[in-house]
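Asker: Given chain Z, put chain D in place with the hints provided.
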Amino acid sequence: MVDWNKLKSQLYYYYLRYQARAGKISRNLKRRAPQNLFPSEREARRVTVAALQLKARLYSDPLAFAFKMQELVEKAVLAGAHLIVFPENNLTQLIGLLPGIEEKIEEINLADFSSKSRKEAETKLVPELIKFIGPLIEQITLTTFSTLAKLYRVYLLAGSGLLPDQAGGIYNQAYFFNEQGKLMAKVQKAHLLPLEKELGVSTGTELKLVETDFAKIGLAICMDATYFETFRILNNRGAEIILLPIANPEADFNYWTALRGIWGRVQESKVFGIKSALVGEFLGMSFTGQAGVYAPLELTENRDGIIAEAKTWKQEEMIIADIDLEELKKLSPKAQPNKSLWRNYFPQIYYF
Amino acid sequence: MSIKAYVFKGRTLNLDKDLILSLLPDTKLNTGLLLYPQDAFLQEPLLLDSAVDLSREIVELFSEIAFELKIYISPGSIIVKEDNHYYREGVLLAPDGELVLRQKQLFLTKEEREAGLSPGEEVSVLATELGNLAFMVAQDAWYPEVGRFISQEGAEIVLAPVNYSGNWWRQLAGVWNQVQQNQFFALEANKYLGLLHGPCEITPYKSGILAPMEEELTAEIFNKPLVYLNYLLAKTEKEEFISGELSLENLKAIKKTYPLKKFLNGKLYQMAGREKLEEIKW
Chain Z
1 MVDWNKLKSQ
11 LYYYYLRYQA
21 RAGKISRNLK
31 RRAPQNLFPS
41 EREARRVTVA
51 ALQLKARLYS
61 DPLAFAFKMQ
71 ELVEKAVLAG
81 AHLIVFPENN
91 LTQLIGLLPG
101 IEEKIEEINL
111 ADFSSKSRKE
121 AETKLVPELI
131 KFIGPLIEQI
141 TLTTFSTLAK
151 LYRVYLLAGS
161 GLLPDQAGGI
171 YNQAYFFNEQ
181 GKLMAKVQKA
191 HLLPLEKELG
201 VSTGTELKLV
211 ETDFAKIGLA
221 ICMDATYFET
231 FRILNNRGAE
241 IILLPIANPE
251 ADFNYWTALR
261 GIWGRVQESK
271 VFGIKSALVG
281 EFLGMSFTGQ
291 AGVYAPLELT
301 ENRDGIIAEA
311 KTWKQEEMII
321 ADIDLEELKK
331 LSPKAQPNKS
341 LWRNYFPQIY
351 YF
Chain D
1 MSIKAYVFKG
11 RTLNLDKDLI
21 LSLLPDTKLN
31 TGLLLYPQDA
41 FLQEPLLLDS
51 AVDLSREIVE
61 LFSEIAFELK
71 IYISPGSIIV
81 KEDNHYYREG
91 VLLAPDGELV
101 LRQKQLFLTK
111 EEREAGLSPG
121 EEVSVLATEL
131 GNLAFMVAQD
141 AWYPEVGRFI
151 SQEGAEIVLA
161 PVNYSGNWWR
171 QLAGVWNQVQ
181 QNQFFALEAN
191 KYLGLLHGPC
201 EITPYKSGIL
211 APMEEELTAE
221 IFNKPLVYLN
231 YLLAKTEKEE
241 FISGELSLEN
251 LKAIKKTYPL
261 KKFLNGKLYQ
271 MAGREKLEEI
281 KW
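For the protein sequence lines, the chains are Z and D, in the order given. For the first sequence, counting from 1, position 143 maps to 143 in the numbering used here; every step adds exactly one. For the second sequence, counting from 1, position 258 maps to 258 in the numbering used here; every step adds exactly one.
Please note: incorrect hints may appear among the correct ones.
What the hints assert, rightly or not - To spell it out: a stretch of chain Z is covered by chain D in this simulated footprint if at least three of its residues, at any positions, have a beta carbon under 8 Å from a beta carbon of chain D; those stretches are:
no. : segment
1   : 290-304
2   : 338-349
Claimed, not checked - Lysine-lysine pairs mimicking DSSO-like chemistry, simulated, CA-CA at most 27 Å apart:
no. : chain 1 : residue 1 : chain 2 : residue 2
3   : Z       : 124       : D       : 256
4   : Z       : 6         : Z       : 104
5   : D       : 267       : Z       : 186
6   : D       : 238       : D       : 206
7   : D       : 206       : Z       : 314
8   : Z       : 131       : Z       : 119
9   : D       : 262       : Z       : 119
10  : Z       : 339       : D       : 267
11  : Z       : 119       : D       : 255
12  : D       : 261       : Z       : 270
13  : Z       : 131       : D       : 267
14  : D       : 206       : Z       : 197
15  : D       : 261       : Z       : 339
16  : D       : 252       : D       : 262
17  : Z       : 339       : D       : 206
18  : D       : 110       : Z       : 339
19  : D       : 255       : Z       : 116
20  : Z       : 208       : D       : 262
21  : Z       : 124       : D       : 252
22  : D       : 267       : Z       : 270
23  : Z       : 330       : D       : 110
24  : Z       : 68        : Z       : 55
25  : D       : 256       : Z       : 197
26  : D       : 206       : Z       : 55
27  : Z       : 208       : D       : 261
28  : D       : 224       : Z       : 55
29  : Z       : 116       : D       : 110
30  : D       : 224       : Z       : 270
31  : D       : 256       : Z       : 116
32  : Z       : 216       : D       : 267
33  : Z       : 186       : D       : 261
34  : D       : 262       : Z       : 197
Source of the hints: derived by calculation from the structure; they are not laboratory data. Ideal Cβ positions, reconstructed from N, Cα and C, are used throughout, including at glycine.
One chain only, chain Z, in its complex shape (with noise of 0.2 Å):
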């Protein structure tokens, strides 16, 4: 006996996976791209970054995905960045591959929160979804940013999404280019939100660093802000720079809570820091947020630790801004190491 509804959902994978075809998706993303656009020539220790704030929505057709990045890295580039960080969630907007996605989220969230059907929804349903279109969003974003990073000579965060990965687990996932387009890390947060947990997300074990021609990068995803070990470990192993693309379900912004995040973390360990966020209505969540490049206080014009951060938190915007790496050297030594101390609550405290 054919299962009908099997062999219908395997027919259009095949479909979805046609058109998410690598070659379709680069070709046209070289097609489109204006003659010799990079980035100016930049000094060894001095870079210009890009961190985007950008409205959320459905994709449906992967093309279209990949132009809006195309146009985003296009606008940043001309701005004369080096760097440019993609927020949390980027890739999830190519959920919109499922047809009927939306009414089906809707419906989800619609539900009693205490309800059978929303606790099975979250539970069983979301995690099929994302294992069902996971793999081809992983493809199409491995595409679209392997292609722009080497069309445009940039390093790309290209922010994250809801992935698996071989094992089947559900990870929350970035991606890192380099400027030839080469994929350096992939990152898995490692600090969860509670609704992440409900959804079968599992938790990251390791924290990446990149090196590249300019400074060594470390990578943390939004929640891994809120927990100064994650900048301590990444700095104690030579990041300069912390990219933290983040995703807030928060429908009104307050500005206390999200000091909580990247600018205390950067005090404390003295790195620079930048900070990419995905505003606006998506998946029945309002997400609030502001963008920003993050310095220790010392380093900032005003010193208050911003170098620059968007004026609003619901609107697309890009905030462009220098870093010079060689000024962290200027930054006074910071009190003698306590060994004893450390030694005697690293790491069983966790273990309590």
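Answerer: Showing chain D alone in chain Z's frame:
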């Protein structure tokens, strides 16, 4: 249960019982918690031997005051000598006059090291009827591991005697920052701007600062840290003490709905752990 908390925000004081009592708030202090700033009664804390002598007198006097007023009271920090080492220590006297909590400063400035101070090596958390109390002494408030250690040991209310004036962003990077990532209350006694802190969600305007708020403020004030802190400073300019109520029920509730501790990733932090300490560069 709500706890009445007070932080003294004035100048360095002489160790004069009448003066100290005359400056105390009129409110009945019974069962409250009161904190003075770092070295509040030490004119020259880094002249160590004389500071040690004066510190003994400070503890004796505050033992009497705690007993008379039936409150938990901390004169801020003092200087102690043990086994030929000098330490800066936060001290807390209980309503029965006993010295119940001592916490050595854990991270020292170059100036403090050169003056001869040594760092402590352990944290202490004290269970009381007010909740679990701990200290972050002086610049320890800017070291996130200190907040993490005491929080993991169960601290609910933290006493932070500090001595900082200048850039308020730097001030926020200290106690405020620690409160937000560890979800405890903190009394920050500072000679310039004393503050009572709590997790954003349970404070006015989600600012992380518990403060007297009789009027409605606009976002133009409360959503801009410097404007807001200037407003608080002006509002409390003539007062010797900042006071507020700390609700442990509210604290428990926010820890339940936004369980930060639950998502600590111990496995990941092995890098920050014992076996890698030698690799840390400063």
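Asker: Need the list of violated hint numbers for this structure, in ascending order.
Answerer: 17, 21, 29
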